[in-house]
Structure formats: structure tokens, C-alpha cells
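Colleague: As given, the protein sequences belong to chains A and B, one line each in that order. Residues in the first sequence are numbered from 1 upward in steps of one, following our numbering. Residues in the second sequence are numbered from 580 upward in steps of one, following our numbering.
Any given hint could be a false lead.
[Claimed, not checked] Computed list of lysine-lysine pairs in DSBU-like fashion (alpha-carbon distance at most 35 Å, straight line):
| hint | chain 1 | residue 1 | chain 2 | residue 2 |
| --- | --- | --- | --- | --- |
| 1 | B | K743 | A | K356 |
| 2 | A | K446 | B | K621 |
| 3 | A | K457 | A | K356 |
| 4 | B | K662 | A | K64 |
| 5 | B | K718 | A | K280 |
| 6 | A | K55 | B | K718 |
| 7 | B | K615 | A | K414 |
| 8 | A | K216 | B | K743 |
| 9 | A | K488 | B | K621 |
| 10 | B | K743 | A | K457 |
| 11 | B | K718 | B | K740 |
| 12 | A | K303 | B | K743 |
| 13 | A | K280 | B | K610 |
| 14 | A | K457 | B | K718 |
| 15 | B | K718 | A | K418 |
| 16 | A | K64 | B | K615 |
| 17 | B | K743 | A | K446 |
| 18 | A | K446 | A | K414 |
| 19 | A | K446 | A | K488 |
| 20 | B | K743 | A | K156 |
| 21 | A | K203 | B | K615 |
| 22 | A | K156 | B | K740 |
| 23 | A | K418 | B | K662 |
| 24 | B | K610 | A | K64 |
| 25 | B | K743 | A | K280 |
| 26 | B | K662 | A | K156 |
Just so you know, these hints were derived from the structure itself, not from any lab. Keep in mind the model is a prediction, meaning the values are calculated, not measured.
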Amino acid sequence: MRKHILVFSALTLAFSLRVSAQSFVENGQVNGSFQTDAQYYMLDEGIGITDLNGKNLGLSGFGKIGYTNGNFSAGMRFEAFLPELNGFRPELNGVGLANFFATYDNGFVGVTVGDIYDQFGSGLVFRTYEEWALGMDNSLRGVRVVLRPTQGVTIKGLFGRQRYYWAPYLERDFASDDYRGIVRGIDAEWNLNQSIPSLSESKFTMTLGGSFVSKKQYDQSLFYIIPENVGAAAARINLGYGRVAFSTEYAYKINDPSAINNFIYHEGRSLLSSLSYSQKGFGAVLQVKRTDNMSFKSMYTGKQNDLDINFIPPINYQHNHTLASMYTYSTQPKGEMAAQFQVNYTIPKGSALGGKYGTKLTFNMSQVNDIVRDSIMFDGAMTLNQPGTLGYTTNFFAISDHRLYRDINFEIDKKINKDWHVTVQYINLRHDIETLEGHANSPEVKANIAFLDLTYKIDRRQSLHFELQGLWENEVHKGYEVEESEKKDYQKRGDWAAALLEYSINPHWSFALSDKWNYGNPVEEYRDHYFTGTVTYIHDATRVMLSAGRQSEGVVCVGGVCRTVPASSGVTLTVTTNF
Amino acid sequence: MKKLTTLLLLALFATGLYAQSKSDFPNVTLKNLDGKDVNISKLSNNGNPIVLTFWATWCGPCIKEHNTLNDVYQDWVDETGVKLYAVSIDDSRSTAKVKPVVEGKGWDFEVLLDVNGDLRRALNVSNPPHTFLFDGNGKLVYQHSGYLEGGEEDLYEEILKVAKKKK
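All chains should be modelled from the sequences, with the hints used to inform the complete structure.
Modeller: Quick look at the structure:
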């Protein structure tokens, strides 16, 4: 008996020793993903493409490999832009190992070395992230340490330099155009319910947080004295009591003259608050936001979306249909007073209006206006937003009459029976296209949009999906007089109709045909059709999509950040896979 | 003898650890709708399968998929013991909306918030919706990108293959 035990335990021990020796290989797991987007561009005089400027191909792709083993994980991403797709920044052109990281995290302490994606609170003072669809990545190459000294408490500290396309990270030349500052930050969060045992089952919940972020930059300016250390701080609180939740975050930044704010020495402030109520079948949320001069970049000469250290979230309904998403709001870090209200309600199953499956209703309303800026005295004269001055004074609660955006929409979503499903939506939209998209001579968009979506399930595998959309502009439509010199500001303006028919065979195939028609454009030569045909093949985590046709000039927005895409005609192939 | 037993227990414990660390759940901490931390590597469902779905309040097909899943979810739980976690990748634009939307639509599954995209990156999700199925030991057995009408039935067939409890 004893002998048996001895042999058995020796064997078991040997086995576990073998395990630890080889654990790095055997316990480790490898994962990864791959994506490529290729576009072939063609001449298309119908939509004004008479010259490709020597570019008939755009290709972007990445391959990512990750390794995890218990508390350890690491990964890298190789990217290629050969050359970049139309609408992407030309600085992206190139290939290389764009991203790598290694993390050890045992729950108490976590250390990451490499390219870091992280966010403090709602991002008002710090957020690094990546949006492949926009060709955007503001990751921080450096070190991050996360400490969780006790249940419910998290402290993070990090520093590094942000990605700027393919610019080297070891930039020592302060005068270089690629030179960007070092970003340092610390954040602490305390969840009272997780750290205080008597509160663990309480209906009352509370989380407190605070962060401080600074950039160390070099003054390259000949005209202005640029602060070489710019600090920003934020404080936040989340409260909950049963069905009610409230959260708010306030951020402050010292003077930070930059190309975006016209080199004024005004301080930055931002406030974001949400109040919500939810119970089964009903949810309502009210959000308000104020932004005042909160652009925060690690390069003070940076433009557009380059090198943002923070993220000011737009609080609007995120439309996902072709016509409604043509006029999307993007955050204006210089100043905004915004509010949003949304209600989700399900008419219960079994009631007269609810039917067998219940009827889902959504109402949303949002509006954004500019802040009020008052002139200040400088050099014996009243000035407003003059470079080198404090810029302006502003009352925190004052709302300007200048409206940037308003959206009122209502949606009904109904499963009629086993085979039919219908969604209808109505949207009333106001969009200041001059401020938001830079079309200087184009009046505000005032549009009514209607959307109908029908799905019919033919059988267990096959289904048909049909969409019909219309966009009507009350004031700018056919017959509206447009000066010859202002024509280009009227692309995509006026009335639109769009339709889509999709046939899909679950789980692999989908075939779609769609058309968008700008039939009511005030400029006759812009009254074009945008036909597209798409075939998609899906196998588990692999997706291959081939589409051919025209793409209209527009703004593609993902995650609240947008890029403009020129009109194009041609073929697009997208392949994504994941393992 | 006592020593031997201890040794034996230790060895078994070591192999036990070894078996445990074979789970495919990444070591990532998310928050649930009450603001509490949930470590994905510690998810367990008494040996029954776990489904993770990625969605967002702004993603049309995701809402369609989850409305459909919600209609059948209770039957699935009764029949297979499966547990579904719907991971929202909404960022700070819409995190405040997630709970009112989930409740307003009457969804019954547990919802987790991946505000910083940590789990999304760890599992290499390119675009939502994306579905993962893990067996009772945390082994990833099936994943699917996108949602087409009827996709929930394929997922259910995959769940049945790994469920220890059937009907």
C-alpha cells in the first residue's frame, strides 16, 4: 500500500514538476487578430472624379499577436498603410511594428511597459485609445503601474510619449515638427461599497475618484511664451440609490495656448453630469455638459484629432443609418453647452399595444449650443479671442444663442410575429454645417428624416431585410439659388432618398444592394445616385466583405471622433479574422 | 505516511492549479452596472457554459441580436444552465445610457461595462456584435462575428454540445 502511494505521489510530483518547467509553453495561450482593408479607386465622372492623382489603390492592414500566461500578458501589432486609404492622414503611409506591450498583474500590483491604452474617469483629462476605422491611435508609449492596496481602491500612475503616426519616440530635437511632450498622470478611485463591508449589500452606492495629468513640453514658439508644464486635474463622484444613479466629473486645466485655441491663455474647464432612473421595462437618462477651452494635446501646434491627451465625449444619440449619420455631431473642445434626454420604454407583452412580444420605444432629444464669451480689455481696447491674451471671460451658466446641433428622434421597434420585424424612426435635425464641417457658405441643415426597416424570416436559414430612408430639407432643396463660387459647399445638401435590400443565409452569407440618391440637391450636378453592391461571407470569427460602387463625400464618425471621406468609386475588400 | 500524504496533496494541488489555469478567460477586470469590479478570469457558472457577447447601445445589429436572445434566454438557462454576460463596449459618451437602455429593453442577462476596451482588446474583437462561447472549464469553444437572422439558433446548438445539463 505504502509503496503504491509512494510511486503514485512520485509520478504526480514528476508530472507537476514537468508542468512548471514547461508551463511557460504549455500554460501560455496565443491569440491574435488580423484585418485588411483594400480599396481600388476608379475614375467616375458622374460624381466628379476625373483625376485619381496617381492613386488607384489604398490598403491598410494590421496583424496582432498576443500571449497570456496567468498573470503575464504581452502583445504586438504590426501595421501597414500601402498607401493609406482615401481620407486617412498621409502621415500614416508606411509599415512597421506600431504597438507592443507586456503586462504583469497579480491583482495587487500591475505593471505595463509599452504602448498603453487607458482612461481616467470619463476621459476629460486623460484617455488614450485606438480607432482603426479612422486611422487614429493616440496610445502612450511608456510605463503604467496599477496598485490595488485594498478591495475597492485602485491607484494608477503612468508616463510616456504619445504615438504620432510613425514619428520616432526618441525625439531629442526640440525644434523638430514631430517633437511632442511627455505625458504624466495619476488617478485614484475608491469604491466605498467594495471596501467597507457594512456597505457591501447596501442600496446606496458611492464611488469617488480624482486624477491629475500634466504634459512637459518644450517652448518652440517665437511669438508666445508657451508654458512648459501644463497641468490638468479632475474630480468625480458616482452615486446610486436603488433605481436612481447620478454621476458627475469636473475638470480644470491651467492656461495652455495652442493652435486649436488661437494661442490664448484662457484656463480650461469641463463638467459632465448624468442622472438616470431605471426599472424593468423603463429607463430614463438626463445628461448635461459644459466645455470651455478643453483641447489638451501633447503638441501645442497639433491640429484636428492629433495627439489628444483627453477626450470630451459628445452626448448625442448615435445614429447608425446612412442618411441620419450623414450629419453627425463632433465635440467642439473650444466651447459647448450640451444636454441630452433619453427614454427607453417597453410596452409590456400581452397588452393591446405590446402584443405577443412587447413593443420597444425610444425617445431622444439633444441640443448643443456655444458658450458665451465676453470681450476683455487689452492694450486699451476691447478684444475677443486675441492671441497672446486671456482671450475672453465667460459665465459658467450662460448659454449662447448660437446653436450647433439639435436632434429630436423617436423610434418604435416591434416584432410582429415569428417571421416579421419592423422598426420605424423619425428624426428632426439641426446641424450647423459651417462650424461642424467647415462648409463656410452653407446654411444650417434643417432636416426631417424618416426610416423604415423590415425584416422577414423566410425560414430557419434565410431572411430578407429591407430599408427605406428619406431626408428632407425644408429650406435648402431643389430650386434654391446657389452662387457658382459656393457650389462645393453644397455637396450632400438638399433632399435624399435611400433604399437597401439584403438577402442573408445564416450563418455564412449576406448579399446586399443599396442606393442613395441626392435627388433634391440645389446644385444640379450633385443630384447623383450612389449604388453599392456588397457580398459578405462569415465563417465563425472570420469575415470577408467585398463591395463595389460609389461612396458619397461625407464624414465617417466612430467613437465620437470623425474624419472626412472624399467621394469615391471602386471596389473595397475587407478581411477580418480572430484566433 | 503523513509526510507522504501531504506531498501527495501538494502534488494534486499543483496539478489542480495547472488544470485551472488552462481557462481561456483573460485576466481583465470590468465593472458591472452597480459599479462593482468583476474579474473575467474568475467567472464561473458551476461547470455550465458561459456566453460573452460584445455589443454597444449605438450598434443596430447588436440591439437586434440581444432583443432576440432575450426572448429565448430564460428557456436556454432552464435547459442548459448557460449564463450570458453582455459586454457593452460603450465609451464615456454613452456609459451613462447603458443601464437605462438595458432596463428599458427589459433584458435579463448580466451586463458588464468595458469602457476602456480592455476585454475587447484581450479577445481581439474588431467590431460588435461578436459572440464567444466558453465551456464549463472556461475553454473557448466557439466564436462568431456579426449577427444574421437565426444566428441565435446556431449559438444554441453550440451550447447544447458543451452543456452537461440537457433538458
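Colleague: Work down the list of hints and note, for each, if the structure agrees.
Modeller: Hints versus structure:
1. A threshold of 35 Å between alpha carbons decides the hint, and for K743/B with K356/A the separation of about 32 Å falls inside it, so the pair holds.
2. A threshold of 35 Å between alpha carbons decides the hint, and for K446/A with K621/B the separation of about 51 Å lies outside it, so the pair is violated.
3. Our distance criterion of 35 Å between C-alpha atoms is met by K457/A and K356/A, whose separation comes to about 17 Å.
4. With a CA separation close to 30 Å, the supplied pair K662/B and K64/A stays within the 35 Å bound.
5. This hinted pair checks out: K718/B and K280/A have alpha carbons roughly 33 Å apart, not beyond 35 Å.
6. Note on K55/A and K718/B: the hinted pairing is violated, with a Cα-Cα distance of about 46 Å set against a maximum of 35 Å.
7. Pair hint K615/B plus K414/A holds up; C-alpha atoms about 33 Å apart against a cutoff of 35 Å.
8. For the suggested pair K216/A and K743/B, the alpha carbons sit about 58 Å apart, so the restraint of at most 35 Å is broken.
9. Annotation: proposed proximity of K488/A to K621/B is violated, straight-line Cα distance about 57 Å (limit 35 Å).
10. A C-alpha spacing of about 31 Å is found between K743/B and K457/A, which places the hinted pair at or below 35 Å, so the restraint holds.
11. Proximity of K718/B to K740/B is assessed by CA-CA distance (about 13 Å); at most 35 Å being required, the pair is judged to hold.
12. In summary, the hint linking K303/A to K743/B is not supported, as the alpha carbons are separated by about 57 Å, beyond the 35 Å threshold.
13. Proximity of K280/A to K610/B is assessed by CA-CA distance (about 20 Å); at most 35 Å being required, the pair is judged to hold.
14. Using a Cα cut-off of 35 Å, the hinted pair K457/A and K718/B holds, with the two alpha carbons roughly 33 Å apart.
15. Restraint check for K718/B and K418/A: the C-alpha separation of about 34 Å stays at or below 35 Å, so the hint holds.
16. With a C-alpha separation of about 31 Å, the suggested pairing of K64/A with K615/B holds against the 35 Å cut-off.
17. A C-alpha spacing of about 58 Å is found between K743/B and K446/A, which places the hinted pair above 35 Å, so the restraint is violated.
18. Taking the CA atoms of K446/A and K414/A, the gap is about 29 Å. The hint holds against a cut of 35 Å.
19. Among the hinted pairs, K446/A with K488/A is consistent with the structure: their alpha-carbon atoms are about 19 Å apart, no more than 35 Å.
20. Pair hint K743/B plus K156/A does not hold up; C-alpha atoms about 42 Å apart against a cutoff of 35 Å.
21. With a C-alpha separation of about 13 Å, the suggested pairing of K203/A with K615/B holds against the 35 Å cut-off.
22. Restraint check for K156/A and K740/B: the C-alpha separation of about 42 Å exceeds 35 Å, so the hint is violated.
23. Proximity of K418/A to K662/B is assessed by CA-CA distance (about 25 Å); at most 35 Å being required, the pair is judged to hold.
24. Restraint check for K610/B and K64/A: the C-alpha separation of about 26 Å stays at or below 35 Å, so the hint holds.
25. Using a Cα cut-off of 35 Å, the hinted pair K743/B and K280/A holds, with the two alpha carbons roughly 31 Å apart.
26. Restraint check for K662/B and K156/A: the C-alpha separation of about 32 Å stays at or below 35 Å, so the hint holds.
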